[in-house]
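J.: Each chain, written out:
Number of protein chains: 2
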Amino acid sequence: MYVGMGAAIEKDGKFLILKRADSKDFAPGAWEIITGRLEEEESPREGILREILEETGIKAEIVMPIETGFFYRGGKKFPMVFISYWCRHLSGDVTLCWDHSMFRWVSIDQILKEKTMEHFHSMFEKILKLKEYLPSEIIL
Amino acid sequence: MYVGMGAAIEKDGKFLILKRADSKDFAPGAWEIITGRLEEEESPREGILREILEETGIKAEIVMPIETGFFYRGGKKFPMVFISYWCRHLSGDVTLCWDHSMFRWVSIDQILKEKTMEHFHSMFEKILKLKEYLPSEIIL
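Taken in order, these protein sequences are the chains called F and S.
Residue 1 is where the first sequence starts when you use the numbering used here, and the numbers rise one by one after that.
Residue 1 is where the second sequence starts when you use the numbering used here, and the numbers rise one by one after that.
Mixed in with the good hints there might be a few duds.
If chains are identical, the list can't say which one is meant, so a pair holds when it fits in one copy or spans any two.
[To be verified] Calculated pairs, DMTMM-like style, for lysine to aspartate or glutamate (alpha carbon to alpha carbon, straight line, at most 25 Å):
#1 77 - 40
#2 76 - 46
#3 113 - 46
#4 24 - 61
#5 14 - 42
#6 113 - 39
#7 131 - 42
#8 129 - 25
#9 126 - 12
#10 76 - 137
#11 113 - 22
#12 129 - 39
#13 126 - 22
#14 126 - 61
#15 129 - 109
#16 113 - 99
#17 131 - 22
#18 24 - 132
Since the hints were made in silico from the structure, they are not lab data.
On a predicted model such as this, the values are computed, not experimentally measured, just so you know.
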């Protein structure tokens with residue numbers, strides 16, 4: 001089984017979305033959140049913080065896990081469990097690597113209108129629900 | 001990579017803990033929550049609801065994932081990612097199988113005093129924190 005992680009990174013009430021490079025085989029130009037695959041001897045929490053640093057140069061902390069699931073990533077040979085985390089920006093400016101061509105900090109409302117981000121809508125709906133009740137500085 | 005799941009099942013503000021059978025090789029007689037391993041072609045959510053049904057006969061729903069981690073379950077050959085869920089009892093009485101010899105519904109305070117449940121303390125501390133703010137019927 002492979003394990004993948006995703007991160008919805010919050011900063012001042014907005015969330016980081018990134019545009020996939022046009023050179024990507026899969027979904028070129030689509031908007032997405034930070035995602036990545038777990039390496040050996042790594043916890044999913046360590047893994048997603050590493051991916052965030054590698055893909056954006058920013059330091060973040062994990063607020064809490066939000067969603068888990070299972071899918072086949074490119075055929076039956078590649079079963080993958082994923083875990084998505086709500087994260088919070090700690091320090092640093094976004095510096096893109098070759099994976100992405102653009103980034104924006106946007107509200108959840110804007111994300112829910114973005115058709116190419118459909119796969120992430122249920123995650124952001126859950127964060128929206130939690131934010132109704134939880135204090136803004138909470139961390140689990 | 002192996003994937004395991006755990007469930008803290010709530011009913012009327014109390015949580016289900018179970019005593020491992022004395023016949024178990026590992027930690028006989030210790031109190032624990034429901035845990036289990038992911039099967040093929042199964043999402044972690046489906047997996048933990050299946051384990052709950054198999055080990056207790058009760059039907060439950062998932063409130064939200066609470067904790068994720070990584071450990072070696074019996075040596076380097078068995079790397080395991082785990083996901084723990086806060087769950088809610090829906091219907092049915094507990095019927096134990098051979099894995100467990102006793103069960104109790106207890107408060108989080110009682111669990112935090114139970115030394116043999118040390119591995120689960122951080123999970124219950126997180127649920128306690130969330131319950132301060134979230135309405136009792138919430139589900140993500």
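J.: Would you mind marking each hint as holding or not holding in the structure?
T.: Hint check results:
| no. | hint | in the structure |
| --- | --- | --- |
| 1 | 77 - 40 | both (19 Å within a copy, 12 Å between copies) |
| 2 | 76 - 46 | between (27 Å within a copy, 19 Å between copies) |
| 3 | 113 - 46 | neither (31 Å within a copy, 29 Å between copies) |
| 4 | 24 - 61 | neither (28 Å within a copy, 39 Å between copies) |
| 5 | 14 - 42 | neither (29 Å within a copy, 33 Å between copies) |
| 6 | 113 - 39 | neither (33 Å within a copy, 36 Å between copies) |
| 7 | 131 - 42 | neither (29 Å within a copy, 30 Å between copies) |
| 8 | 129 - 25 | neither (34 Å within a copy, 43 Å between copies) |
| 9 | 126 - 12 | both (18 Å within a copy, 24 Å between copies) |
| 10 | 76 - 137 | neither (41 Å within a copy, 38 Å between copies) |
| 11 | 113 - 22 | within (22 Å within a copy, 55 Å between copies) |
| 12 | 129 - 39 | neither (31 Å within a copy, 31 Å between copies) |
| 13 | 126 - 22 | neither (30 Å within a copy, 41 Å between copies) |
| 14 | 126 - 61 | both (18 Å within a copy, 16 Å between copies) |
| 15 | 129 - 109 | within (12 Å within a copy, 27 Å between copies) |
| 16 | 113 - 99 | within (23 Å within a copy, 48 Å between copies) |
| 17 | 131 - 22 | neither (34 Å within a copy, 44 Å between copies) |
| 18 | 24 - 132 | neither (37 Å within a copy, 45 Å between copies) |
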